[in-house]
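S.K.: We have chain V already, so just place chain U on it with the hints.
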Amino acid sequence: EAGVAQSPRYKIIEKRQSVAFWCNPISGHATLYWYQQILGQGPKLLIQFQNNGVVDDSQLPKDRFSAERLKGVDSTLKIQPAKLEDSAVYLCASRGQGGTGELFFGEGSRLTVL
Amino acid sequence: GDSVTQMEGPVTLSEEAFLTINCTYTATGYPSLFWYVQYPGEGLQLLLKATKADDKGSNKGFEATYRKETTSFHLEKGSVQVSDSAVYFCALQTNAGKSTFGDGTTLTVKP
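Listed in order, the protein sequences are those of chains V and U. The first sequence lines up with residues 1 to 114 when you count with the numbering used here. The second sequence lines up with residues 1001 to 1111 when you count with the numbering used here.
So that you can see chain V by itself, here it is in the shape it has in the complex (with noise of 0.2 Å):
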């Protein structure tokens, strides 16, 4: 069984410019969810679906993020206009339906904005 996919695994941007990060989960986990990851922190969720409905984007900046699942299989998510402090390993997860409630990680993108 193949696992989350993601893409880019590295990135290195000017602070303004835009930046976008992919994923494809593992075939048929209806959630997927993107995490924030900075140095030295544990994963901080900034947004959940359930199928390409958005169940929880509370701590999601949306003046400048923002991401979507189209299909309701794989996902994008993007920053516009990148920020220092932006910079980050963004994971994605993935979750099956009911069940164990174990989420399935890729590598995780990292962004370096200068």
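Rather than coming from a laboratory, the hints here were simulated on the basis of the structure. On a predicted model such as this, the values are computed, not experimentally measured, just so you know. Misleading hints may appear alongside valid ones.
Here are the computed lysine-lysine pairs in the BS3-like style, where the Cα-Cα straight-line distance is at most 30 Å [unchecked claim]: (1) V/LYS83 with V/LYS62; (2) U/LYS1098 with V/LYS44; (3) U/LYS1056 with V/LYS44; (4) U/LYS1098 with U/LYS1052; (5) U/LYS1052 with V/LYS44; (6) U/LYS1077 with U/LYS1052; (7) U/LYS1068 with V/LYS44.
Which chain U residues face chain V? A few, computed with CB under 10 Å, are given here [said to hold, decoys possible]: (8) GLY1001; (9) GLN1006; (10) MET1007; (11) THR1024; (12) SER1032; (13) GLY1041; (14) GLY1043; (15) LYS1049; (16) GLU1063; (17) ALA1096; (18) GLY1097; (19) LYS1098; (20) THR1100; (21) PHE1101; (22) GLY1104.
Every residue, glycine too, gets a C-beta built ideally from N, C-alpha and C.
M.R.: Just chain U now, with coordinates in the frame of chain V:
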């Protein structure tokens, strides 16, 4: 809101030493509790879980018991190995599927 507090690290132990990493949580309702591990250069992966009070999760020699009265889920291992060196994250998940993580504890095991 929901929160998870882990003991501050880093933790350095000698091989075969006993390990405890403390974790306490604040949540409404009855969340499920998890420990995730991140080995160097790898993504987060589930180590163990417990879904209700007094449940004990176990895997790879690690154990944690869901203590509702103390809102805790401490991770223990009787004899650590060098290969256990990693970052350990405690997490809770609500019935709505929202998962909240602690800040992680870095464990280094020396031979």
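S.K.: Determine for every hint whether it applies to the structure shown.
M.R.: Tested hints:
1. V/LYS83 with V/LYS62: holds, 14 Å
2. U/LYS1098 with V/LYS44: With Cα atoms ~11 Å apart, U/LYS1098 and V/LYS44 stay inside 30 Å; holds.
3. U/LYS1056 with V/LYS44: holds, 26 Å
4. U/LYS1098 with U/LYS1052: holds, 16 Å
5. U/LYS1052 with V/LYS44: holds, 24 Å
6. U/LYS1077 with U/LYS1052: With Cα atoms ~21 Å apart, U/LYS1077 and U/LYS1052 stay inside 30 Å; holds.
7. U/LYS1068 with V/LYS44: holds, 24 Å
8. GLY1001: holds, 9 Å
9. GLN1006: holds, 8 Å
10. MET1007: violated, 13 Å
11. THR1024: At 14 Å from the nearest chain V Cβ, U/THR1024 fails the 10 Å test, so the hint is violated.
12. SER1032: holds, 5 Å
13. GLY1041: With a closest approach of 9 Å, the U/GLY1041 hint holds.
14. GLY1043: Holds: closest Cβ of chain V sits about 4 Å from U/GLY1043, inside 10 Å.
15. LYS1049: Hint holds; U/LYS1049 Cβ to chain V Cβ min 6 Å, cut 10 Å.
16. GLU1063: Interface hint status for U/GLU1063: violated (17 Å vs cutoff 10 Å).
17. ALA1096: holds, 7 Å
18. GLY1097: Holds, because the Cβ-Cβ distance from U/GLY1097 to chain V comes to roughly 6 Å (cut-off 10 Å).
19. LYS1098: Since the shortest Cβ distance to chain V is 6 Å, the answer is holds.
20. THR1100: The hint holds - U/THR1100 has a Cβ within 10 Å of chain V, the shortest such distance being about 7 Å.
21. PHE1101: holds, 4 Å
22. GLY1104: holds, 5 Å
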